[in-house]
Structures are given as structure tokens and as C-alpha cells.
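Novice: For the sequence shown, the numbering used here assigns the number 1 to the initial residue and increments by one for each residue that follows.
Incorrect hints may appear among the rest.
[To be verified] Simulated DEER-style distance windows between Cβ atoms:
1) Thr211 <-> Asn94: 47 to 53 Å
2) Val192 <-> Trp136: 17 to 23 Å
3) His80 <-> His151: 34 to 40 Å
4) His151 <-> Val212: 41 to 47 Å
Derived from the structure by calculation, the hints contain no laboratory data.
Computed from a predicted model, the values in this text were never measured in an experiment.
Every residue, glycine too, gets a C-beta built ideally from N, C-alpha and C.
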Amino acid sequence: MPPSELAAQRGEPSYVWRAGQERRLQMVARWTRLENACVLDHGGGNGMYAAQIRRRYTSHVEVFDIEAARAGEARRSVPHALVAAAENLPYRSNCFDALISNEVLEHVADDRAAARELVRVLKPGGRAVIFVPNRWYPFETHGHYWRGVYHFGNTPLINYLPDFLRDRLAPHVRAYTKAGLRRLFDGQPARVLHHSRIYGGYDNIIARFGTVGRLVRGALHGLEGTPLDTYGLSHLLVIEKR
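Let the hints inform the model, and build the full structure from the sequences given.
Specialist: See below:
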């Protein structure tokens, strides 16, 4: 399918492996056990993260995506790539040691049901590393609708609007506050091990501006772990199943 044909509904998977993707994989490796583990790439699109995990850490990798074409792409490098919805996973309970969910929950029809399923398939003691958009990032990165027409790309300040206005301009994607993300896991047998906000890889900016782009990225990454990470691109939430 063309790169942006389903951008409004599903977002875009990673097509090339660059510093931003590598950084997120290292975050996953920091917070989970990947060596010889059973790992699920949750809503993994074309399977880029699953392929890297399979190549480096373990052969026991599964990936699913709701789009058959994406799952077909993933199957080229990860044999067990299935077509499935996040709200109804085709895996048994207590199955996975580790799970990566990279910018998926914001797109599903029912994020609470998807969160329940995510926890269900983890083994007791298993961990999920979840990335989702931060409501306070200054740009909505999934585009917006205006007078019924979808406009792809970054749009400033939409997420700062009240819900009734924000959701008219961006009804196709969620952006989470810290409390709103944690509420998805209320009442579930899981505990939060870590919750922070991170800035992006900005590889396109570096490709265009070179050293200046690297300096900007370094400055933004330096804000992580400070009060100014409030405006980071994404939440990084790590949960462990009890």
C-alpha cells in the first residue's frame, strides 16, 4: 500500500532503521529481558522491531497487525506474523515474557480493551514497554481534519485545545495525559515500574540540517528526566504483570 494511504487510521510504521528506532529498542532492552525470551511486537506494522529483536536476542518473536498487507510485509522476516486486532489477541494467556507496543494504543478502536488484552497475554512477571503520544507535545504528528478533508503531517497546538475541539480536528487518533494513560490499566493485575516522557529521534531533521539538527536533538534529549519532559513527544510506560 502507498505509505500514507492509511495514515489517518493507523499511523505509519518505520520503513528504515535509524537512530530513533535504535534508541527505542534500547529502551525496551533496558526494561525487559529479551535474551531467549518470548516476545510480542504488539501492532508491529511491517515488523521492523520484531525483525531486529529476532536477529539480536531471540527466535521466539511474534508480531501482529490489523492490516493484512502490513502483516504480509512482516512475514518476510518474522514467520509468525498474524492479522489481528489489539482488542482480541489470538494468543493464549500468560504467554509472553516481554511485549513492545510502539505507538499503537492511540489508534485502536477500544484502548481499554486493548490494554486488558495486552496484560492478559503477559506471563506473571512479564513486562510491557508502551510508547504512546503525549498530549502536551506541541505538535499533533498524525495530521488533522479540516472541513472533512484529511491533511497529513505535523500540526501545531491541536492537542492544547479542549477535548471537544481537539477531537473534532483529530478524531482519528488519541493523545494521552499521564493520568489518562495510567487509567487504562486500572483494576488490572499489573504495576507501573516506570513512567516518563521522551523526545523523538528527529532523524529527518538531522538528515536535512546536519550538525545543527544533532545539537537540537541532543538538547531535547537532555530535557528528559527534567520538568520540561512534560512536552516530550511520547510517553514511555513500563508495566509488569503481577
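Novice: For a quick check of understanding: which of the numbered hints are violated here, in increasing order?
Specialist: 4
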